[in-house]
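Throw the hints in and build the complete structure from the sequences for me.
Chain order of the listed sequences is A and B. With the first letter of the first sequence counted as 1, position 25 gets the number 315 in this note's numbering; the numbers rise by one all the way through. With the first letter of the second sequence counted as 1, position 37 gets the number 327 in this note's numbering; the numbers rise by one all the way through.
Honestly, the hints are just simulated from the structure, not real lab data. Ideal Cβ positions, reconstructed from N, Cα and C, are used throughout, including at glycine. A couple of the hints might just be wrong.
Unchecked claim - Label-pair distances were calculated between CB atoms; the ranges are:
1) B:409 - A:388: 54 to 62 Å
2) B:335 - A:537: 15 to 23 Å
3) B:382 - A:335: 21 to 29 Å
Number of protein chains: 2
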Amino acid sequence: MAAQRGQRNGVGGDTPPAPTAAEITTPIPRVAEVPAARERARAIPEAAVARLAVYLRVLSAMQEQGAVTVSSEELSAAAGVNSAKLRKDLSYIGSYGTRGVGYEVTVLIEEIERILGLTRKHSVAVVGIGNLGHALANYGGFPGRGFPVSALFDVDPDLVGVPVGGIAVHHIDDIPAVCAEREVSIGVIATPPPAAQAVCDRLVEAGVQCILNFAPVVLQVPDHVEVRKVDLAVELQVLSFHVARRADDAAAMEGRQVNGMVVS
Amino acid sequence: MAAQRGQRNGVGGDTPPAPTAAEITTPIPRVAEVPAARERARAIPEAAVARLAVYLRVLSAMQEQGAVTVSSEELSAAAGVNSAKLRKDLSYIGSYGTRGVGYEVTVLIEEIERILGLTRKHSVAVVGIGNLGHALANYGGFPGRGFPVSALFDVDPDLVGVPVGGIAVHHIDDIPAVCAEREVSIGVIATPPPAAQAVCDRLVEAGVQCILNFAPVVLQVPDHVEVRKVDLAVELQVLSFHVARRADDAAAMEGRQVNGMVVS
DNA sequence: GCCTGTGAACGGCTTCACAGCG
DNA sequence: CGCTGTGAAGCCGTTCACAGGC
Numbered sequence: 291m292a293a294q295r296g297q298r299n300g301v302g303g304d305t306p307p308a309p310t311a312a313e314i315t316t317p318i319p320r321v322a323e324v325p326a327a328r329e330r331a332r333a334i335p336e337a338a339v340a341r342l343a344v345y346l347r348v349l350s351a352m353q354e355q356g357a358v359t360v361s362s363e364e365l366s367a368a369a370g371v372n373s374a375k376l377r378k379d380l381s382y383i384g385s386y387g388t389r390g391v392g393y394e395v396t397v398l399i400e401e402i403e404r405i406l407g408l409t410r411k412h413s414v415a416v417v418g419i420g421n422l423g424h425a426l427a428n429y430g431g432f433p434g435r436g437f438p439v440s441a442l443f444d445v446d447p448d449l450v451g452v453p454v455g456g457i458a459v460h461h462i463d464d465i466p467a468v469c470a471e472r473e474v475s476i477g478v479i480a481t482p483p484p485a486a487q488a489v490c491d492r493l494v495e496a497g498v499q500c501i502l503n504f505a506p507v508v509l510q511v512p513d514h515v516e517v518r519k520v521d522l523a524v525e526l527q528v529l530s531f532h533v534a535r536r537a538d539d540a541a542a543m544e545g546r547q548v549n550g551m552v553v554s
Numbered sequence: 291m292a293a294q295r296g297q298r299n300g301v302g303g304d305t306p307p308a309p310t311a312a313e314i315t316t317p318i319p320r321v322a323e324v325p326a327a328r329e330r331a332r333a334i335p336e337a338a339v340a341r342l343a344v345y346l347r348v349l350s351a352m353q354e355q356g357a358v359t360v361s362s363e364e365l366s367a368a369a370g371v372n373s374a375k376l377r378k379d380l381s382y383i384g385s386y387g388t389r390g391v392g393y394e395v396t397v398l399i400e401e402i403e404r405i406l407g408l409t410r411k412h413s414v415a416v417v418g419i420g421n422l423g424h425a426l427a428n429y430g431g432f433p434g435r436g437f438p439v440s441a442l443f444d445v446d447p448d449l450v451g452v453p454v455g456g457i458a459v460h461h462i463d464d465i466p467a468v469c470a471e472r473e474v475s476i477g478v479i480a481t482p483p484p485a486a487q488a489v490c491d492r493l494v495e496a497g498v499q500c501i502l503n504f505a506p507v508v509l510q511v512p513d514h515v516e517v518r519k520v521d522l523a524v525e526l527q528v529l530s531f532h533v534a535r536r537a538d539d540a541a542a543m544e545g546r547q548v549n550g551m552v553v554s
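Quick look at the structure:
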């Protein structure tokens with residue numbers, strides 16, 4: 291898995307599910323009266339949401355190859371998980387399979403897209419048009435499209451006005467105005483670390499509710515804003531840890547004269 | 291990820307060094323008396339390893355500002371986690387704090403670097419010199435350096451020989467030779483999806499043990515190879531899910547006439 | 001008194017295994 | 001009979017709370 295969770299500003303503990311004043315004194319466990327859609331959506335584990343996105347991509351590929359139905363076994367193999375987990379994940383969004391047969395590809399695609407909110411387009415703004423920003427801007431139409439990059443920003447006056455990936459770069463001072471006008475719902479921060487927090491503040495000010503942060507900085511945001519962080523240095527360091535562990539293992543085995551059998 | 295087969299081997303918890311050889315009733319060949327370093331390294335939760343990398347960056351920044359000691363409270367706040375988690379994470383690598391005082395910055399940095407295997411440089415090879423590959427190649431010296439990008443590869447003959455970020459691009463057919471020569475330990479895949487598996491196979495063939503995969507593909511690798519995946523489309527879709535959930539919540543509240551209190 | 005280090009409680013994700021239905 | 005859907009068990013990481021040193 292990639293992308294560490296992280297963010298969560300909370301000073302002490304994290305906010306519990308969402309206990310309203312009413313819940314406190316309820317001595318009897320009872321079924322909540324909350325709207326079904328909301329409840330169900332909230333009940334999906336974050337980890338499962340990420341996997342649903344993967345299933346969606348696999349399903350799209352299968353659909354293009356003309357597949358009409360898939361079994362949990364096939365789909366899970368293609369997505370790199372085990373079938374029990376896949377069925378559990380799908381059960382979070384409802385029961386769309388046919389026992390003894392499998393799932394209808396088109397139905398699953400529709401349902402997953404609905405749950406992930408992909409039926410609605412989400413405009414993306416990329417801030418920081420350096421190497422990474424360039425790459426992201428040109429990525430145009432991410433796989434499993436639905437995320438049009440509709441605004442680019444940078445501090446550098448020389449970049450302002452220059453078209454990158456077909457879109458003109460604006461100055462970061464224009465973030466509020468341009469984001470509002472183009473109804474940007476997701477902001478991507480690809481600036482140097484020192485600039486990240488200021489950019490983040492501007493995005494929040496502009497009403498952006500979700501941020502994908504590539505800068506190695508812990509962003510401070512209001513509770514209603516969701517942040518996901520992609521940290522390349524961390525990824526490499528985690529890999530480094532595994533290299534080191536492996537080396538230790540090897541050294542240990544060699545030095546210990548273990549019998550021929552290798553455990554792993 | 292992969293790693294099916296439970297391979298239990300008397301690795302209890304983090305109990306004191308007391309290998310109870312008596313309890314084993316299985317005649318299965320096993321490694322007795324495992325080295326402490328290996329044991330400890332294996333016991334660190336993956337999630338904790340990722341956070342250690344974050345602490346390291348924060349500590350480096352603090353060191354540059356002249357800090358000599360930090361308390362778990364300060365460090366955890368700067369890293370965006372709670373202090374209990376931070377102390378637990380640090381306890382996995384040993385006891386380097388002073389009760390009543392805190393941790394010595396330089397000591398912590400050294401120990402974390404040691405555990406993450408950063409005392410040894412890890413050569414990185416980037417395969418696929420498109421937009422993203424370019425960005426990665428120029429990233430040169432990732433924050434918290436120690437990961438020199440020492441080889442670049444692409445299929446495109448026109449790119450071969452062209453210097454990117456100071457390094458000449460090689461053809462992917464040369465992966466085995468070049469990687470061996472430059473002792474590459476980490477491979478980064480930034481190719482289009484269809485090429486990813488083939489490139490991965492070549493890297494494995496070249497002896498690379500860890501791979502960072504940016505292609506939206508589930509790679510098949512031998513058990514001894516570690517893969518981490520960064521999937522931009524999945525990140526965006528997870529954010530999309532949250533946007534949708536928020537919208538549902540708002541709609542639900544409005545339609546339900548919830549009492550004045552706002553939950554989150 | 002203050003802050004670290006950690007056993008134990010807790011909660012959430014994963015795995016199991018089988019009931020349920022086509 | 002096959003495959004989905006799911007309660008229940010198991011496992012693992014997080015949180016709590018306090019013992020242990022300084």
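Consistency of the hints with the structure:
Separated by about 56 Å at the C-beta atoms, residue 409 of chain B and residue 388 of chain A satisfy the suggested range of 54 to 62 Å. About 20 Å separates the C-beta atoms of residue 335 of chain B and residue 537 of chain A, a value consistent with the hinted range of 15 to 23 Å. Judged by the Cβ atoms, the range 21 to 29 Å given for residue 382 of chain B and residue 335 of chain A holds: they are separated by roughly 25 Å.
The structure shown violates none of the earlier numbered hints.
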